[in-house]
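On the provided structure of chain A, position chains B, C and D as indicated by the hints.
There are 4 protein chains.
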Amino acid sequence: MKIGIIGLGRMGGNIARRLMRAGHEVVAYDRDDKAVTALTADGAVAASGIEDMAGKLDSPRIFWSMLPAGEITEQTVETIAALCAPGDIVIDGGNSFYKDDIRRAKVLGEQGLHYVDVGTSGGVWGLERGYCMMIGGSDDAVRLLDPIFDALAPGRGDVVPTKGRDTGDDRAERGYIHAGPAGAGHFVKMVHNGIEYGLMQAYAEGFDILKGKASDKLPEDERFDLNLPDIAEVWRRGSVISSWLLDLTAIGLASDHELKQFSGHVADSGEGQWTIDAAMEEKVPANVLTAALFARYRSRVDTTFGDKLLSAMRFGFGGHVEMPQ
Amino acid sequence: MKIGIIGLGRMGGNIARRLMRAGHEVVAYDRDDKAVTALTADGAVAASGIEDMAGKLDSPRIFWSMLPAGEITEQTVETIAALCAPGDIVIDGGNSFYKDDIRRAKVLGEQGLHYVDVGTSGGVWGLERGYCMMIGGSDDAVRLLDPIFDALAPGRGDVVPTKGRDTGDDRAERGYIHAGPAGAGHFVKMVHNGIEYGLMQAYAEGFDILKGKASDKLPEDERFDLNLPDIAEVWRRGSVISSWLLDLTAIGLASDHELKQFSGHVADSGEGQWTIDAAMEEKVPANVLTAALFARYRSRVDTTFGDKLLSAMRFGFGGHVEMPQ
Amino acid sequence: MKIGIIGLGRMGGNIARRLMRAGHEVVAYDRDDKAVTALTADGAVAASGIEDMAGKLDSPRIFWSMLPAGEITEQTVETIAALCAPGDIVIDGGNSFYKDDIRRAKVLGEQGLHYVDVGTSGGVWGLERGYCMMIGGSDDAVRLLDPIFDALAPGRGDVVPTKGRDTGDDRAERGYIHAGPAGAGHFVKMVHNGIEYGLMQAYAEGFDILKGKASDKLPEDERFDLNLPDIAEVWRRGSVISSWLLDLTAIGLASDHELKQFSGHVADSGEGQWTIDAAMEEKVPANVLTAALFARYRSRVDTTFGDKLLSAMRFGFGGHVEMPQ
Amino acid sequence: MKIGIIGLGRMGGNIARRLMRAGHEVVAYDRDDKAVTALTADGAVAASGIEDMAGKLDSPRIFWSMLPAGEITEQTVETIAALCAPGDIVIDGGNSFYKDDIRRAKVLGEQGLHYVDVGTSGGVWGLERGYCMMIGGSDDAVRLLDPIFDALAPGRGDVVPTKGRDTGDDRAERGYIHAGPAGAGHFVKMVHNGIEYGLMQAYAEGFDILKGKASDKLPEDERFDLNLPDIAEVWRRGSVISSWLLDLTAIGLASDHELKQFSGHVADSGEGQWTIDAAMEEKVPANVLTAALFARYRSRVDTTFGDKLLSAMRFGFGGHVEMPQ
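Chains as they are written, first to last, in the working numbering: chain A, 7 to 331; chain B, 7 to 331; chain C, 7 to 331; chain D, 7 to 331.
Bound conformation, chain A alone:
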């Protein structure tokens, strides 16, 4: 198939490459000329802008926007939509908020256009391994795009089949799902990232407790100076908590036992926060996912005003100020 890709960063560029390797044709645009040039060297057709791209695609035209969530994606979708004819498809493969997808799909639908959102996991490894994709949109559009998704997905690989699965639809086993109408793809990806935060924090707290066991504030015969790289490594073998994040932990600890290269200030992207918003809208208690998010907020400040307020209260009842009767 022929597809236009807007945004040729690490994700967009490699998605384009993986598609071309599978025999698809890519028309490529990025506001950075160098990114376009690099991709044309790999076989893409260059576009000088979205309008130019529109002219180089066949009907129904397929646009894949791979840009940061927010204003730039919003404008790009609007620009594309203004150039589209009924039946054309606009894909947002970034990390947009799913309510934006719902809104956009409605607006574009009134023009006869299809809007498809794709939550894409896999990072820079995706070029070789393939991308895990969670897709939202109309049945028609998603079916039409199937060769694209099939080419991008990891495929079955050597992952052990899940016992008891019995379904006519094997797309999940090949690494992509049609999650539901527009927005559903990014919603599932959003929760995926919320879970990711929770898993990471569980490991983080566990290793914190292991490390703290060497503290000289503990009774001498209850201290252990544990080898964290070895512990991460041994848990990768036959233990209940083995995972890809643990593999990464083992790699991180192997080369830097004390993790001295890291400041401990941890960023968060929108998905963690949106996941908690969704939990609150549904009235679902999500203590672990929230605590994981808040640990990141806390990691980025030296002290909070709230902590100082605790001190002020303690000062108050500790005897140094006059007390109300």
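It is worth saying that the hints were derived from the structure and are not from the lab. These numbers come from a predicted model, not from an experiment. Treat the hints loosely; a few may be bogus.
What follows is a list of derived Cβ distance ranges for each label pair [said to hold, decoys possible]:
1. Gly170(B) - Glu84(C): 44 to 50 Å
2. Gly324(A) - Asp164(B): 22 to 28 Å
3. Ser275(D) - Gly76(C): 51 to 57 Å
4. Asp156(B) - Ser221(C): 30 to 36 Å
5. Glu228(C) - Asp156(B): 28 to 34 Å
6. Arg306(A) - Gly324(D): 38 to 44 Å
7. Ala220(C) - Met7(D): 32 to 38 Å
SDA-like cross-link-like pairs, simulated, lysine to any residue; straight-line CA separation at most 20 Å [to be verified]:
8. Lys289(A) - Glu31(C)
9. Lys266(D) - Arg171(A)
10. Lys289(B) - Tyr303(D)
11. Lys289(B) - Glu226(D)
12. Lys289(C) - Lys289(B)
13. Lys289(D) - His271(B)
14. Lys62(C) - Lys112(C)
15. Lys223(D) - Arg171(A)
16. Lys223(C) - Lys289(D)
17. Lys8(C) - Gly76(C)
18. Lys105(A) - Lys289(A)
19. Lys105(A) - Glu226(D)
20. Lys8(D) - Asp64(D)
21. Lys289(C) - Lys169(B)
22. Lys169(B) - Val130(C)
23. Lys289(A) - Ser269(C)
For every residue, glycine included, the Cβ atom is placed at its ideal position computed from N, Cα and C.
Just chains B, C and D now, kept in the frame of chain A:
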């Protein structure tokens, strides 16, 4: 009554004074001579040590130990017990762990001694206001000591009577309770402090959110530069969240709007931790009390090893290391 | 002053009465005729609708909407605005979301109208005690309305003055504050309610731990069958955790020691959730306030799907299903 | 080597079998004769009791106790110790509390005996896959037992080597570690289980949010009826949150989409609680691990007394009782 008081710090000294003002006789000992001298000036009989104190008390002798929880209280109780005769009473008015009380009461009981634990709240204000007391011990001992507790307690004061209370026992309304057998007093005081942590953290987080509303990271028309001293003040009047801790908050903010004098490193004493231990033994979920305790732990370190581990994982899947297949 | 009040439920009706007691004139409307009739009996002028009300007010006209947050308040504000002339004032005294206030104030401002939001605390007790008010709006409008706020507020009462307060503005001490521009009043009220949830949950967990201490799953000599009504009562006297919520706890426990009349399904209003939203927008960790909100969500369901998923995983590694190699 | 195994349940029996397959000799005892008979059929030498076992082992004798933590393990260790001669080794392969290990190692050490604790992960799959082992004890004892551990461990298998590991000790890569002195093995296993709870709860909350997205309380155009089995399946491929627990989740959902066979009452063993105890002793904030534990406590009760107390307070300020002035 005549009572021996060991430990004449801020709490012990004022307890002695409040007792003497009510007409009780105090024999006083502290390893710091000056503290003893100061108290004899206020009418106490000085003791040069616990043995000397034992000789100056009448049978049944009443000892009140007002020392920090832990080794020194343990030794003092043992020393007293060794000098006691059946019927004598040993009171621990400090913040001992209630399981220590249970153990000590059993050991002393085998000697025919009474062990009474008193959880005491009120701080330095107690001298004037009286002390809120939660008492554990045998009925006989607690009944015998009633004149002591009655003198120390705040009394009814101008606290509005609780509608619907209908009980033969009005001690709670005068500010002390016989909570149960030995250990029950300190157990109730322990939970009191656990709740205290939770309340304080609720205010702390709320004021943190109020303060953060001025952040220039928020959209300009959604920022408020709020007057925190005024907010604390107004909530003291007719609002659901009025409390003594809020009064203290108002005082703290009135004189130091930014709380610049505080580092934000917040201490915790044993009771918060013991409360969580108790919750876990009972299988009671206590997310708020635990989060309050952990916020204090977190306040005392710049960064955690766990935070660095999060960064290491993010570094791992962000594309800079080789990924396991 | 003359003021039109729309919505004569428990809050609106009593606000009208308190204003009339202070000598203000009230034009009253409610879609329930009986509520209007009841209020005219207390001295109000009846209005048959908002348009009728507009005709009965003097310029600049003052409207106070006291309706549930959401659609009905939105429509009412729009209806009033359509009838207003420049200089008129629209007050929303309900529990609106503060971002709705910001938006409305902008729209009304373009018409030359003033929009004022008042977060009102005090419930049905407000008629006698007065209302604690947090006010957002322009300086001009809030200054003009001062006689209204002054009449509604509790006044200084016998609340002990806060040591160290030194401010030309004594409104906070009389029970109301001008928190900032439109939205600031409801924002402060929102955080007030978020704190309220946290405080309540801290007490709830503490009493849960006290009650659980009687469990026969604990070792026999570590069990205490504690008197919870007495404990609530004694903490009201001289303890650090005394508060109005504790007073209510004491009342509740006094008449129903086991709280058998309550199902334990606890509702939440929007403010708790909005407070967490605000915390996330500001990147402020708020573990206690969030845990308090989530405890309410959890209280309303028998079991969660997540709990079942835990069981499914345990079943999985407990040996009953084939494991992936 | 020759080894005596006490406790031939699912874990102990299979450990014995895996050792015999590797050529080791096993003397087996269980208070259930049938378990002994079954194992002798597989090649073990039967022992009629611990004393009999002691007589059938060679010096230094090696005993492996594989019994539930607590009283029965305590008694068994004491019984073995009473029969031992200097140089003999007592292994506790169960889930004992690590402080019990520290104590026992000291007592046995005074007799010249070695005490070794082995935290063993792998469940019933261990027979085929091998056991992940975390070992505490003296260097001498652990070195002497190496052929035993080597036989039980999974070995390198096809797990991808961790980039950057550079260590003379390759035991972690083969699936076992000498974590430190006695107690260290069970301590590491304890934290392993604490992390396990956190990971499980992260998935549980995420799937709860996915499932709740179909709720008819949400606006109609924001609802998604998501296919959870497909989502679990697709996340197994190339996503950041792939793990063995996710594999189990996929299996569980594949055969029972609604998880109707599960009540949602989730048990917890001691390790989760002990992990939080350790965190508190070290003053490490562990919000996620604690929230995961508390979610299990909460899952096992219909309502809490604390929830009822919230209702009582709400009833109190909602207007139905007289308020303290």
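Hint check:
1. Checked against the hint of 44 to 50 Å, the pair Gly170(B) and Glu84(C) passes, with Cβ atoms roughly 46 Å apart.
2. For the hinted restraint 22 to 28 Å between Gly324(A) and Asp164(B), the CB-CB distance of approximately 25 Å keeps it satisfied.
3. Under the hint 51 to 57 Å, the C-beta atoms of Ser275(D) and Gly76(C), about 47 Å apart, miss the expected range.
4. Look at Asp156(B) against Ser221(C): about 33 Å separates their beta carbons, and that is inside 30 to 36 Å.
5. The hint said 28 to 34 Å for the Cβ distance between Glu228(C) and Asp156(B), and at roughly 30 Å that hint holds.
6. The hinted window of 38 to 44 Å between Arg306(A) and Gly324(D) holds, with their beta carbons roughly 40 Å apart.
7. Taken as a hint, the range 32 to 38 Å is violated for the pair Ala220(C) and Met7(D), whose Cβ atoms sit roughly 52 Å apart.
8. Proximity of Lys289(A) to Glu31(C) is assessed by CA-CA distance (about 43 Å); at most 20 Å being required, the pair is judged violated.
9. The straight-line distance between the Cα atoms of Lys266(D) and Arg171(A) is roughly 17 Å, inside the 20 Å bound, and the hint therefore holds.
10. Of the supplied pair hints, the one linking Lys289(B) and Tyr303(D) holds, its CA atoms being roughly 6 Å apart against a limit of 20 Å.
11. Annotation: proposed proximity of Lys289(B) to Glu226(D) is violated, straight-line Cα distance about 39 Å (limit 20 Å).
12. As the CA atoms of Lys289(C) and Lys289(B) are separated by approximately 32 Å, the hinted pair breaks the 20 Å bound.
13. Taken as a hint, the Lys289(D) and His271(B) pair is honoured in the structure, with Cα atoms around 13 Å apart against an allowance of 20 Å.
14. Distance hint between Lys62(C) and Lys112(C) is unfulfilled; the C-alpha atoms sit about 26 Å from each other, more than 20 Å.
15. A distance of roughly 31 Å separates the Cα atoms of Lys223(D) and Arg171(A); the hinted pair therefore is violated under the 20 Å criterion.
16. Restraint check: the Cα-Cα separation between Lys223(C) and Lys289(D) comes to about 28 Å, which exceeds 20 Å; the hinted pair is violated.
17. Between Lys8(C) and Gly76(C), the direct Cα distance comes to roughly 27 Å. Violation of the 20 Å bound is thereby established for this hinted pair.
18. With a C-alpha separation of about 18 Å, the suggested pair Lys105(A) and Lys289(A) falls inside the 20 Å cut-off, and the hint holds.
19. About 12 Å separates the Cα atoms of Lys105(A) and Glu226(D), which keeps this hinted pair within 20 Å; it holds.
20. Restraint check for Lys8(D) and Asp64(D): satisfied, since their Cα atoms lie roughly 7 Å apart, inside the 20 Å limit.
21. Annotation: proposed proximity of Lys289(C) to Lys169(B) is violated, straight-line Cα distance about 43 Å (limit 20 Å).
22. Taking the CA atoms of Lys169(B) and Val130(C), the gap is about 18 Å. The hint holds against a cut of 20 Å.
23. Distance restraint check for Lys289(A) and Ser269(C): the Cα-Cα separation of roughly 18 Å lies within the 20 Å cut-off, and the hinted pair is therefore satisfied.
Of the numbered hints stated above, those contradicted by the structure are hints 3, 7, 8, 11, 12, 14, 15, 16, 17, 21, listed in ascending order.
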